[in-house]
Amino acid sequence: MLPPDFLGRLLFLLDRYGVSLLQGAGRTLIIAIIGTVIGCLIGFVVGIIQTIPVSKNDNMFKKIILKIVRIILAIYVEVFRGTPMMVQAMFIYYGSLQYLGVDMTMWAAAIFIVSINTGAYMAETVRGGILSIDRGQTEGAAAIGMNHFTTMVYVVLPQALRNIMPQIGNNLIINIKDTCVLSVISVVELFFVSKGIAGAYYTYFETFTLTMVIYLIMTVVCSRLLMLLERKMDGPDTYDLATTDTLAHTSGMMSYSAKKGGR
Amino acid sequence: MEERKPILEIKHLSKSFGKNLVLKDIDFEVYPGDITCIIGASGSGKSTLLRCINLLETPTGGEIIHDGQNVLERHVNVPAYRAKVGMVFQSFNLFNNMTVLKNCMVGCEKVLKESREKAYEKAIFYLEKVGMAPYINAKPKQLSGGQKQRVAIARALAMEPEVLLFDEPTSALDPQMVGEVLEVMRSLAKEGLTMLIVTHEMAFARDVTNQVVFMADGVICEQGTPEEIFVNPKKEQTREFLSRFMNK
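Chains R and L, in that order, give the protein sequences. Residues in the first sequence are numbered from 1 upward in steps of one, following my numbering. Residues in the second sequence are numbered from 1001 upward in steps of one, following my numbering.
Hints in this document: simulated from the structure, not taken from any laboratory. Fair warning: there could be bad hints in the mix.
Straight-line alpha carbon distances no greater than 35 Å define the calculated DSBU-like cross-link-like pairs of lysine-lysine that follow [as the list claims (entries may be wrong)]:
id, chain 1, residue 1, chain 2, residue 2
1, R, K67, L, K1118
2, R, K62, L, K1113
3, R, K232, L, K1102
Computed footprint of chain L on chain R; a stretch qualifies when at least three of its residues, placed anywhere within it, have a C-beta under 8 Å from a C-beta of chain L [unchecked claim]:
id, stretch
4, 17-26
5, 151-160
Note that the structure is predicted; figures quoted are calculated from it, not measured. Think of the CB as a built atom: it goes at the ideal place given N, C-alpha and C, for glycine as much as any other residue.
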């Protein structure tokens, strides 16, 4: 029998459905994390393509291909940023089932929709991150003979990634919360599970109290972990002087040209 | 005696931004071991000239001959050319995401494709030279301006360039730091490194160089040895510019 008081009902629901709730929460988390990671990758690819410099000396072929790819990518960003994820879920899941005869599994559909959505947002974030890097960094790289690709990989992107970390964290948290709209295509995540439990005993307030707490724990833990990661990326605030380490290489006896000739 | 060939030959170089002509018909040569100073008032095109030589700006006319090859032709491998012509900037432009050591190694590893050990050795060797070897674990933001510039010089040297361009290397520094950077440049000069320096440090230009180029309004106004320019300037413009600087 259902206990009469609020606390008793909470414990009752926890005892009976704790495992299902945790399973739902696990699914939510997995979909959100994988979706965010793939979304970031998509975002990086799109953002990088949008910032490839075109100079007058490049050949016509490269210019035309780049132009076409950029138009397609711009359309992708506008469409997926400009429509609700819930509607996209219905459109993609049922559309592919009805007209393409493809039955995407729950996982595939969920991860695909979250990724492609995050990618659309991240594309602009990455573009902003790349543009925010001082021109001096690219010039410094150019001056030692780095090409565009090397400059991007070793100089610009690591700094851009660091700068957009807060935005990536934002996206992860938004994704944890927004996966609940995937319940419309019957993805059995935390919200879907909660709705079922609430309906079974007519305990909406109690069930969703638990659901609220679980969502909050997930988002808070994720945001703290990301902050730790950011701090790790920044490296230590201090540095050690390495005087002893380099004494073996005493200089001043070799002249510049001698060194060069001896190479 | 072996005939000396210039490392760089600048021929009739010109550059315009839109309708604004900032460099007109620039002609000069840099021979191995030469230390050339480019002096002149702000806005006379000195920095633009240096940036054109490293192709950070694309000249609109003329030729830059390096190794018998005009580097302004279309098929030239620009990164390979830049690897041989180093550059030190006014704003240092060290890579913020790397330590001092990495800053000096990355060019050797990723551009010259040398082994990690070789890159490490070279980085330490040149950091020793500029007195920054103890700071290999520091990040650029943890250094003073003078220290950053010395690391930037070591980074450029690690590429073992044929000629090193300095774009107002001391203009962003306070007087005490200017001294430490100039000291490093002086010692490089003694070792015979070919340098092309844009600077406002007249004493340095007078004492260290063997060729001085005075620019005004986008043209080379006068060019010669330090004695010719500083002691017996022929042009009125040069005299005026120098008297303004020397009286400070």
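Tell me if chain L covers the stretch 17-26 of chain R under the three-residue, 8 Å CB rule, please?
Result for this restraint: violated, n = 0.
With a cut-off of 35 Å on the C-alpha distance, tell me whether R:K67 and L:K1118 pass.
violated, 42 Å
Between the alpha carbons of R:K62 and L:K1113, is the straight-line distance 35 Å or under?
Answer holds: R:K62 to L:K1113 is near 27 Å, not above 35 Å.
Is it true that the CA of R:K232 sits at most 35 Å from the CA of L:K1102?
holds, 18 Å
Chain L covers the stretch 151-160 of chain R, three or more CB atoms within 8 Å, holds or violated
Held - the stretch 151-160 of chain R has 4 residues with a Cβ nearer than 8 Å to chain L, which meets the minimum of three.
In this structure, the hints that do not hold are numbers 1 and 4, in rising order.
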